[in-house]
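Between the sequences and the hints, there should be enough to build the whole structure, so can you do that?
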Amino acid sequence: MEPKAIFDLLTAHLGEGAAEYRENDIESWACVSVARIADACRFLRDTEGLEFGQLMCLSGIDWDGYDENGKGKSVAILGYEADGTPETSDRVADGELGVAYHLYSHTCDHKFTLRLRFPRDKATVPTVSDIWSTARWHEREAWDLMGIRFEGHPDPRRILLSEDWVGHPLRKDYQMPDQWLNVPLRGQPYANNPFAPADDAPAGDDTPAEG
Amino acid sequence: MATNDTRLTGWADQDHVPGLKSELLELNMGPQHPATHGVLRLLLHTDGEIVYKVTPVVGYLHRCAEKIAEGVDYKQWVVYTDRFDYLGPVTNNHAYVTAVEKLTELEVPARAEHLRVVTAELSRIASHLIALATFGLDMGAWTPLLYCFREREVILNLLERIAGGRMLYNYMVPGGVRYDLPQDNWVSDVLEFVTMLENKKLPDYNTLLTYNKIFIERTSDVAIIDRETAIDYGCTGPVLRGSGVQFDCRRNDPYSIYPQLDFEIPVGKGEMGTVGDCWDRYIVRVREIEQSCRIIRQALEQLPEGPVHAIELKKPVRVPAGAAYSRTEAAKGELGHYIISDGGTKPFRNKVRSCSFCNLQVIEKVGVGQMVSDLVAFVGSLDIVLGEIDR
Amino acid sequence: MEAMYTFFMDKAGMGELGAHITVAAIMASLMFIVMALCAIIFTWMERKVAGFLQSRYGPMRTGRWHGWAQAVADMLKILGKEDIIPAEADKGLFVFAPLLVLLGSLLAWAAIPWAPDFVAADLDLGLFYIFAVSSLVVIGILMAGWASNNKWSLYGAARGAAQMVSYEIPLALAAIPVVMYTGSLNTQDIVIAQQGGIWNWFFLRNPFLFVAFIMYFIASIAETNRGPFDMPETESELVSGYHTEYTGMRFAFFFLAEYANLFLVSMIAVMIFLGGWWSPIPGLDFAPALTFIIKGVIMVFMNMWVRWTLPRVRVDQLMHLCWKVMIPITLICVIGAGLWMMASGAAS
Numbered sequence: 001m002e003p004k005a006i007f008d009l010l011t012a013h014l015g016e017g018a019a020e021y022r023e024n025d026i027e028s029w030a031c032v033s034v035a036r037i038a039d040a041c042r043f044l045r046d047t048e049g050l051e052f053g054q055l056m057c058l059s060g061i062d063w064d065g066y067d068e069n070g071k072g073k074s075v076a077i078l079g080y081e082a083d084g085t086p087e088t089s090d091r092v093a094d095g096e097l098g099v100a101y102h103l104y105s106h107t108c109d110h111k112f113t114l115r116l117r118f119p120r121d122k123a124t125v126p127t128v129s130d131i132w133s134t135a136r137w138h139e140r141e142a143w144d145l146m147g148i149r150f151e152g153h154p155d156p157r158r159i160l161l162s163e164d165w166v167g168h169p170l171r172k173d174y175q176m177p178d179q180w181l182n183v184p185l186r187g188q189p190y191a192n193n194p195f196a197p198a199d200d201a202p203a204g205d206d207t208p209a210e211g
Numbered sequence: 001m002a003t004n005d006t007r008l009t010g011w012a013d014q015d016h017v018p019g020l021k022s023e024l025l026e027l028n029m030g031p032q033h034p035a036t037h038g039v040l041r042l043l044l045h046t047d048g049e050i051v052y053k054v055t056p057v058v059g060y061l062h063r064c065a066e067k068i069a070e071g072v073d074y075k076q077w078v079v080y081t082d083r084f085d086y087l088g089p090v091t092n093n094h095a096y097v098t099a100v101e102k103l104t105e106l107e108v109p110a111r112a113e114h115l116r117v118v119t120a121e122l123s124r125i126a127s128h129l130i131a132l133a134t135f136g137l138d139m140g141a142w143t144p145l146l147y148c149f150r151e152r153e154v155i156l157n158l159l160e161r162i163a164g165g166r167m168l169y170n171y172m173v174p175g176g177v178r179y180d181l182p183q184d185n186w187v188s189d190v191l192e193f194v195t196m197l198e199n200k201k202l203p204d205y206n207t208l209l210t211y212n213k214i215f216i217e218r219t220s221d222v223a224i225i226d227r228e229t230a231i232d233y234g235c236t237g238p239v240l241r242g243s244g245v246q247f248d249c250r251r252n253d254p255y256s257i258y259p260q261l262d263f264e265i266p267v268g269k270g271e272m273g274t275v276g277d278c279w280d281r282y283i284v285r286v287r288e289i290e291q292s293c294r295i296i297r298q299a300l301e302q303l304p305e306g307p308v309h310a311i312e313l314k315k316p317v318r319v320p321a322g323a324a325y326s327r328t329e330a331a332k333g334e335l336g337h338y339i340i341s342d343g344g345t346k347p348f349r350n351k352v353r354s355c356s357f358c359n360l361q362v363i364e365k366v367g368v369g370q371m372v373s374d375l376v377a378f379v380g381s382l383d384i385v386l387g388e389i390d391r
Numbered sequence: 001m002e003a004m005y006t007f008f009m010d011k012a013g014m015g016e017l018g019a020h021i022t023v024a025a026i027m028a029s030l031m032f033i034v035m036a037l038c039a040i041i042f043t044w045m046e047r048k049v050a051g052f053l054q055s056r057y058g059p060m061r062t063g064r065w066h067g068w069a070q071a072v073a074d075m076l077k078i079l080g081k082e083d084i085i086p087a088e089a090d091k092g093l094f095v096f097a098p099l100l101v102l103l104g105s106l107l108a109w110a111a112i113p114w115a116p117d118f119v120a121a122d123l124d125l126g127l128f129y130i131f132a133v134s135s136l137v138v139i140g141i142l143m144a145g146w147a148s149n150n151k152w153s154l155y156g157a158a159r160g161a162a163q164m165v166s167y168e169i170p171l172a173l174a175a176i177p178v179v180m181y182t183g184s185l186n187t188q189d190i191v192i193a194q195q196g197g198i199w200n201w202f203f204l205r206n207p208f209l210f211v212a213f214i215m216y217f218i219a220s221i222a223e224t225n226r227g228p229f230d231m232p233e234t235e236s237e238l239v240s241g242y243h244t245e246y247t248g249m250r251f252a253f254f255f256l257a258e259y260a261n262l263f264l265v266s267m268i269a270v271m272i273f274l275g276g277w278w279s280p281i282p283g284l285d286f287a288p289a290l291t292f293i294i295k296g297v298i299m300v301f302m303n304m305w306v307r308w309t310l311p312r313v314r315v316d317q318l319m320h321l322c323w324k325v326m327i328p329i330t331l332i333c334v335i336g337a338g339l340w341m342m343a344s345g346a347a348s
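Residue numbers (our numbering), protein chains in the order written: chain A, 1 to 211; chain B, 1 to 391; chain C, 1 to 348.
Rather than coming from a laboratory, the hints here were simulated on the basis of the structure.
A virtual CB, placed ideally from N, CA and C, is assigned to each residue, including glycine.
There could be a bad hint or two in this list.
Unchecked claim - No more than 20 Å apart at the CA atoms, straight line, and that leaves these computed lysine to aspartate or glutamate pairs for EDC-like:
| hint | chain 1 | residue 1 | chain 2 | residue 2 |
| --- | --- | --- | --- | --- |
| 1 | A | K172 | B | D73 |
| 2 | B | K269 | B | E290 |
| 3 | B | K213 | C | D316 |
| 4 | B | K67 | A | D173 |
| 5 | B | K67 | A | E27 |
| 6 | A | K111 | B | E70 |
| 7 | B | K67 | A | D94 |
| 8 | B | K102 | A | E27 |
| 9 | C | K151 | B | D47 |
| 10 | B | K67 | A | E96 |
| 11 | B | K200 | B | E153 |
| 12 | A | K172 | B | E70 |
As the list claims (entries may be wrong) - Using C-beta positions, here's what the derived DEER-type ranges look like:
| hint | chain 1 | residue 1 | chain 2 | residue 2 | range |
| --- | --- | --- | --- | --- | --- |
| 13 | C | I26 | B | N157 | 53 to 63 Å |
| 14 | A | G49 | B | N157 | 30 to 40 Å |
| 15 | C | Y57 | B | D184 | 20 to 30 Å |
As the list claims (entries may be wrong) - To give an idea of the chain C side of the interface with chain B (calculated C-beta under 8 Å), a few residues:
| hint | residue |
| --- | --- |
| 16 | K48 |
| 17 | F52 |
| 18 | L53 |
| 19 | Q54 |
| 20 | S55 |
| 21 | R61 |
| 22 | R64 |
| 23 | P228 |
| 24 | T309 |
| 25 | L310 |
| 26 | P311 |
| 27 | V315 |
| 28 | Q317 |
Here is the structure:
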């Protein structure tokens, strides 16, 4: 089935105003409102003729700094200066966050894309992990790396980073911390190094051994 | 997760031995373990030999390649794709460059497409050889490991002659491949290897391991993933095909020159037990090696002349604004890239949908009720690689 | 043996008790030296056999010719390792376990007949004594697994205990038809009853005895925790099973005990089924001890061949194999061998 036809069935179920269709040569998508996404996904999975049984991919996206005109310079992330100090910028990240759902049906052999956008400070989305079980880990990763909360998720913990990590690395305004559990993260020497030689130790010979 | 919890609480509430307090044994198949293929941690709750809850803990190999993608050029990031599935790296390259080319209007030369397919299929064979070898090793068969590595050594040498690296290649670029064929008889060496693999080595492995009674007893009817569970959990690749679903990105969502090539998609039929057991996933991989040999032979016979890349290697690649999800069949399953470009030379967002990430999740459901030895067999049959899961 | 007793009593002037003690001490040291030698030689042989089966060479450098000194080098290395006892481990049991495991196999070596009239302990209960004493190994394994304070070691120990105790039954049952033929449990008598060339060896005397030989071979692989039955020490699941936490000399004891056990069960197989020290061609018995050892080495090679070819059997399948397959077969062998004996009039 063509994406437009799928979209028409979807709007017929959700009602007017819940979703918009964005046409594109390469990949068209439906822009759904955040409150109705779980409903939309359930409809797409359970309706005969649509039968989207597989969620191929659930991606978290940070739209801050995106150039709608296609002239982006992709410099939205903050990096480091030459001497290792972090770059600072007066610009405060204010772009929206988004989630993209890519669905596939094995029985009907068609694909569909859904996208959400929501403001940065209201980054909560209903979960779809009760619709497709694969979403459990995808949503955990979106929380971990992007900071998007999923309401109703049975196990909302970080998955790829350590439990006590602070921050969400894939955000455009993410600043790498100075250290984590006393491990220096910016190339600076260890503080309180238990293996450092004593101050009055003789200078060692660093040449490699013979043979 | 819900089913696991009721089972756990159900176990704890039962009166197993009257008068004695019983607990499940909490066991850590830790990040350093000979059987978990990489730094994977499995937290098990067991009652004797039966496992009641499996929790995989991943992230020990997380390098945040997706963040790095936003800081480097499209061409430069190909190097990072090698490091995902480091056992079959060329297929990862292929997935990424196909995704980038979907957004651009680059015409990949025919010679480059053929070379891409040949090297990708060689990499797929290399990855499957390791899958067979380590699966046998988990079962206690030490000898097939050495035999498979002997064959993989030949592949690594062939790929070193064309790409320069033994294990990690950085061979493809958006718009073609980096290097043309070496000036020696590479093509005839590949054909000779493929013939030897098909006629002598695979029958050897089948006699030694595949149809061995003990191996069949260990793997048939073990850890059965049925069709609905596989699709629901997003499993792809040999895991999905072992459960009887005929789906292969090379056939169902074709890319490159695969539509012109003639090959079959092996599917698990439950020959030795039930559809979707460990043996089915294993035999799908063995048969895929045979099919890859067919593909390599055809691609080399039809190899046309011409350039090998459509871009200038010294200049950055500029991709017009747009967003697309593109998937290809990597060695372990469906490897997808959702690339969002804003018109610059670096991606705005590059989400990697890796096959092992989705395949591993199924262990939370199917691992319940297995014995510890069967769990080891199950993890071996899923054929996960942590570089891909953690990126 | 008689010569040694008369030597010590007459020539050296000791009393009977003194002669017995001296001879016992000499035999015990000899057994210990042979056991240590066999551990070293079989380690090397295992690595070479494994190498050639896997289409590679194995050790080639230490000692120039096919790496024969590799095992010696390994032993020296192990002796130099740090002895670590885990902090929470039960120290007494931890230290005693490897000794018990070694003891279990070494005690059984006493009743093996190497040559006519050359056996350390000429017991009328020889075969029974061997099977009884080699059960001590089970206790040692359980102690090692428990004392390590490691859940994986406990798994390995529990599996090992279950496996070894179960497989002792088909092991002993397979030996019973032999005892029926010989009419005695004395190990010397069992070997003497097989004189007269290869067709008189017990494994070819009657088809039930041949099946019993196969059953004995399989059960012996399970008794030594090797090959397809190495569940207690599966490297890919339990890291190392019950001897995970052992290092240095203590680990060397387990190692030594494994190869001593391996040679022991091979020698028992040779003794009760393959003719002991008799050569296959009647009349060519000029080096009985050497023949016995060569046959033992051949059986060890068969054991290694099986180990490096076959994958591992799972615990419940292992138990099923023992209780539901091997025990009925061996029982049938016992009955069948008895009936055959009656029918062919060979009952002694």
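Tell me the hint numbers this structure goes against, listed in increasing order. Hints 5, 6, 14, 16, 17, 21, 22 contradicted; others consistent.
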